[in-house]
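Visitor: Here the protein sequences come in this chain order: A and B. Residue numbers for the first sequence follow full-length UniProt numbering, beginning at 1 and rising by one. Residue numbers for the second sequence follow full-length UniProt numbering, beginning at 1 and rising by one.
Bear in mind the hints are in silico, worked out from the structure with no lab data behind them. A portion of the hints provided could be inaccurate.
Sample of chain B residues lacking proximity to chain A, with all beta carbon distances greater than 12 Å (derived) [to be verified]:
{"hint": "1", "residue": "A29"}
{"hint": "2", "residue": "A137"}
{"hint": "3", "residue": "D195"}
{"hint": "4", "residue": "Q407"}
Here are the simulated distance ranges between beta carbons [stated by the list, open to error]:
{"hint": "5", "chain 1": "A", "residue 1": "E105", "chain 2": "B", "residue 2": "R114", "range": "44 to 50 Å"}
{"hint": "6", "chain 1": "B", "residue 1": "D389", "chain 2": "A", "residue 2": "A50", "range": "28 to 34 Å"}
{"hint": "7", "chain 1": "A", "residue 1": "A50", "chain 2": "B", "residue 2": "A87", "range": "30 to 36 Å"}
{"hint": "8", "chain 1": "B", "residue 1": "E252", "chain 2": "A", "residue 2": "D23", "range": "48 to 54 Å"}
{"hint": "9", "chain 1": "B", "residue 1": "G189", "chain 2": "A", "residue 2": "S73", "range": "55 to 61 Å"}
{"hint": "10", "chain 1": "B", "residue 1": "E298", "chain 2": "A", "residue 2": "E105", "range": "37 to 43 Å"}
{"hint": "11", "chain 1": "B", "residue 1": "K37", "chain 2": "A", "residue 2": "A39", "range": "44 to 50 Å"}
{"hint": "12", "chain 1": "A", "residue 1": "T20", "chain 2": "B", "residue 2": "G189", "range": "37 to 43 Å"}
{"hint": "13", "chain 1": "B", "residue 1": "G189", "chain 2": "A", "residue 2": "P138", "range": "34 to 40 Å"}
{"hint": "14", "chain 1": "A", "residue 1": "S73", "chain 2": "B", "residue 2": "E83", "range": "53 to 59 Å"}
{"hint": "15", "chain 1": "B", "residue 1": "S13", "chain 2": "A", "residue 2": "D87", "range": "49 to 55 Å"}
{"hint": "16", "chain 1": "A", "residue 1": "D159", "chain 2": "B", "residue 2": "Q303", "range": "41 to 47 Å"}
{"hint": "17", "chain 1": "B", "residue 1": "G189", "chain 2": "A", "residue 2": "P88", "range": "38 to 44 Å"}
Covered, in the sense of this in silico footprint (three residues per stretch, anywhere, with C-beta under 8 Å from a C-beta of chain B), are these stretches of chain A [what the hints assert, rightly or not]:
{"hint": "18", "segment": "17-25"}
{"hint": "19", "segment": "129-135"}
{"hint": "20", "segment": "142-154"}
{"hint": "21", "segment": "180-187"}
For glycine and all other residues, C-beta sits at the position ideal for the given N, C-alpha and C.
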Amino acid sequence: MSARDEILARVRGATSDIDTTPDDRGPVVVVDETSPGEAETLELFAENVADYRAQVVRVGPSGVAAAVAGALSDHGCRTVVVPSGLDPSWRAAAEGVARVLSDDEATTHLARDDVDAVVTASAVGVATTGTIVLDHRPDQGRRELTLVPDTHVCVIRADQVVHDVPESVARLRPGPEGARPLTWISGPSATSDIELERVEGVHGPRTLVVVLVESANG
Amino acid sequence: MSTTTPGPLQQTSATFVGMPTFPQAARAALANTQQRKNLRHATHTIRGKRERVVAEVPEWEALRVAGAEAKDEALTHLGDYLEQLEASLTSNGATVHWARDAQEANRIVLDIVRSKEVDEVVKVKSMVTQEIELNEALEAAGIHAWETDLAELIVQLGHDRPSHILVPAIHRNRSEIREIFLREMGTVGRPAPDDLTDDPARLAEAARLHLREKFLRAKVGVSGANFAVADTGTLVVVESEGNGRMCLTLPETLISVVGIEKVIPSWEDLAPMLQLLPRSSTGERMNPYTTMWTGVHEGDGPQEVHVVLLDNGRSHVLADRVGRQALRCIRCSACLNVCPVYERTGGHAYGSVYPGPIGAVLNPQLRGTASTIDKSLPYASSLCGACFDACPVRINIPELLVELRGQVVEQEGRTAESAAMRAAAWVLSDPKRLAGAQKAAATAGRVVGTRTVRSVPGLGAWTNARDLPTLPTESFRQWWARERGEDDR
Chain A
1 MSARDEILAR
11 VRGATSDIDT
21 TPDDRGPVVV
31 VDETSPGEAE
41 TLELFAENVA
51 DYRAQVVRVG
61 PSGVAAAVAG
71 ALSDHGCRTV
81 VVPSGLDPSW
91 RAAAEGVARV
101 LSDDEATTHL
111 ARDDVDAVVT
121 ASAVGVATTG
131 TIVLDHRPDQ
141 GRRELTLVPD
151 THVCVIRADQ
161 VVHDVPESVA
171 RLRPGPEGAR
181 PLTWISGPSA
191 TSDIELERVE
201 GVHGPRTLVV
211 VLVESANG
Chain B
1 MSTTTPGPLQ
11 QTSATFVGMP
21 TFPQAARAAL
31 ANTQQRKNLR
41 HATHTIRGKR
51 ERVVAEVPEW
61 EALRVAGAEA
71 KDEALTHLGD
81 YLEQLEASLT
91 SNGATVHWAR
101 DAQEANRIVL
111 DIVRSKEVDE
121 VVKVKSMVTQ
131 EIELNEALEA
141 AGIHAWETDL
151 AELIVQLGHD
161 RPSHILVPAI
171 HRNRSEIREI
181 FLREMGTVGR
191 PAPDDLTDDP
201 ARLAEAARLH
211 LREKFLRAKV
221 GVSGANFAVA
231 DTGTLVVVES
241 EGNGRMCLTL
251 PETLISVVGI
261 EKVIPSWEDL
271 APMLQLLPRS
281 STGERMNPYT
291 TMWTGVHEGD
301 GPQEVHVVLL
311 DNGRSHVLAD
321 RVGRQALRCI
331 RCSACLNVCP
341 VYERTGGHAY
351 GSVYPGPIGA
361 VLNPQLRGTA
371 STIDKSLPYA
381 SSLCGACFDA
391 CPVRINIPEL
401 LVELRGQVVE
411 QEGRTAESAA
421 MRAAAWVLSD
431 PKRLAGAQKA
441 AATAGRVVGT
451 RTVRSVPGLG
461 AWTNARDLPT
471 LPTESFRQWW
481 ARERGEDDR
């Protein structure tokens, strides 16, 4: 018998006492954490992102480009890589303060290792945990793009921020077009492996700047 | 425990064969003052953080129930969900392999690595690859397996074994880590800088530089998975440092070894799991990085993705109607951090990669109770119940420990303990015998006087961790007769 058939037979034998069928449990129970309102959700998001020692910059739609340029110059970034689908005005702002490479110009791991920063959009934000989720569409780039450079400047719109984890999971469920890879980011890379003392940055970006874009009338 | 058809037991690995029993190993650990200090500091720190972030979630108990139900749904219909997982993985471009035991899993991984003609792999921290001792199997075939999690690196460079599920180098302090880095890094790659201090930031920086050259050149990555979603074919790895993301996205080929109990039925079940795991594990609202991938993503990450589904004793545990709940474990390690026994002995005393309360129930179920270490593990507990309260998926560890103790006693047949219990029953069943025994005890009490009794012949295991109360010089009946009665004898 193949390993597959043998393991499946063992597992079915082990559960022969079960008289229900899969999905008899009905819909999955969702334990949500209710939000008092959109404004409070956004405040909580900013607070929790900052609590992870990420930097939060809150701007209106017209302030994004300046915030991106400001973040790059504040952290002394001389070279920056950007995904192919990035908003052209953000790219132009980055070009004002640093040498900008397109994703396809920094194709090898080693080439990307020489780059100081990366600028991306994002897919979903989670307020209760201070998390940003990337689904790696063209405005966010491949997974490794946001991993190797030491500074990540990430732009998120207020309407992308949901209150809790169940809401974000529902929003990110793979659609008929197929599953996308996902990266959930909560603050910069961190370790507590030495005497439980938190140290920022071991392998991922040590600096995370989140530009939160609120609507003009909000 | 009641069973249906059990699969074969897990073979105890050579590393743990002949391990001393828990009390023996614990006695040595208790004598290590430095380790006890490190452990106490670490477990109390995480415990405090966990309590604070759990208190932020008002519906925590409902979440625990949701988490337990998701795992129970998957486990009780595991055959169906495994087939569904295989189908969704395959349709997303992954290659699925099945492994009955550790040896078979290691052979599958080794064959894939050999076909890539490389002599090294980079590894994400993974309990299951430790369980099957994959690193040792690869090294034996001339392939270096580089651990990339900072704590795992410390353990690997220190030629040591992990002693905690979440923070494997918990038993080491900063000056020990500095010494290990200075002595060992240069032997396997980029050396530590000569002026390395014991500042944790400097130590982490040394690890960053040492590992980066390995990440950037590696062609094959090896991981486990925290969750495998049956309906979408998505694998999930949660981590903090980014080493996981490096290993999961930079190499051309990715091999993930996944225990069959890691399956969750649907995408929606990720919600309670991601709410429960980080808060229970590191005491954070969310861990810094989580990677989710579904087979092969064209142009992004490894273009050859293998998943090895591993049994290795799990179907044996599944057949036990009471014991199967242990397979709900999501390896958060909350039970270790609240356990008074773990806090004093550390992880090595448990003789397995799964230490602490969950290890005390999981190992004897996976491996059976034939060996001395597995026989002793159900007793490695004070049954205080803190582990059950902390468990995010409501595994009733104390209940399982008691069940397993019963199993060990039955299997042992007549022992000093069961003989003592039988003798006690004989004495207590008749007032005359009891009075006689009490007289004898009083005589012993007068002989012993006020000295502390530290051990009793034949009851060594029970008494060597406890001091007996000083024996009374007369029984209550004797005292009553002397003080109040004349004809009460």
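Visitor: The structure should be examined with respect to each hint, and the outcome stated for every one.
Guide: The hints, checked one at a time:
1. A29: At about 19 Å from chain A, A29 of chain B clears the 12 Å cut-off, so the statement holds.
2. A137: Its Cβ never comes within 12 Å of chain A, the nearest being 17 Å, so this holds.
3. D195: holds, 18 Å
4. Q407: Fine: 17 Å to the nearest Cβ keeps Q407 of chain B off the interface.
5. A:E105 to B:R114: 44 to 50 Å: violated, 35 Å
6. B:D389 to A:A50: 28 to 34 Å: holds, 32 Å
7. A:A50 to B:A87: 30 to 36 Å: Cβ of A50 of chain A to Cβ of A87 of chain B: about 43 Å, so the range 30 to 36 Å is violated.
8. B:E252 to A:D23: 48 to 54 Å: Cβ of E252 of chain B to Cβ of D23 of chain A: about 38 Å, so the range 48 to 54 Å is violated.
9. B:G189 to A:S73: 55 to 61 Å: Given about 35 Å between the Cβ atoms, the range is violated.
10. B:E298 to A:E105: 37 to 43 Å: The hint (37 to 43 Å, Cβ to Cβ) is violated, given that E298 of chain B and E105 of chain A are roughly 20 Å apart.
11. B:K37 to A:A39: 44 to 50 Å: holds, 47 Å
12. A:T20 to B:G189: 37 to 43 Å: violated, 53 Å
13. B:G189 to A:P138: 34 to 40 Å: holds, 36 Å
14. A:S73 to B:E83: 53 to 59 Å: holds, 55 Å
15. B:S13 to A:D87: 49 to 55 Å: Holds, at about 54 Å.
16. A:D159 to B:Q303: 41 to 47 Å: With Cβ atoms ~34 Å apart, the hint is violated.
17. B:G189 to A:P88: 38 to 44 Å: holds, 42 Å
18. 17-25: holds (count 7)
19. 129-135: holds (count 3)
20. 142-154: holds (count 4)
21. 180-187: holds (count 8)
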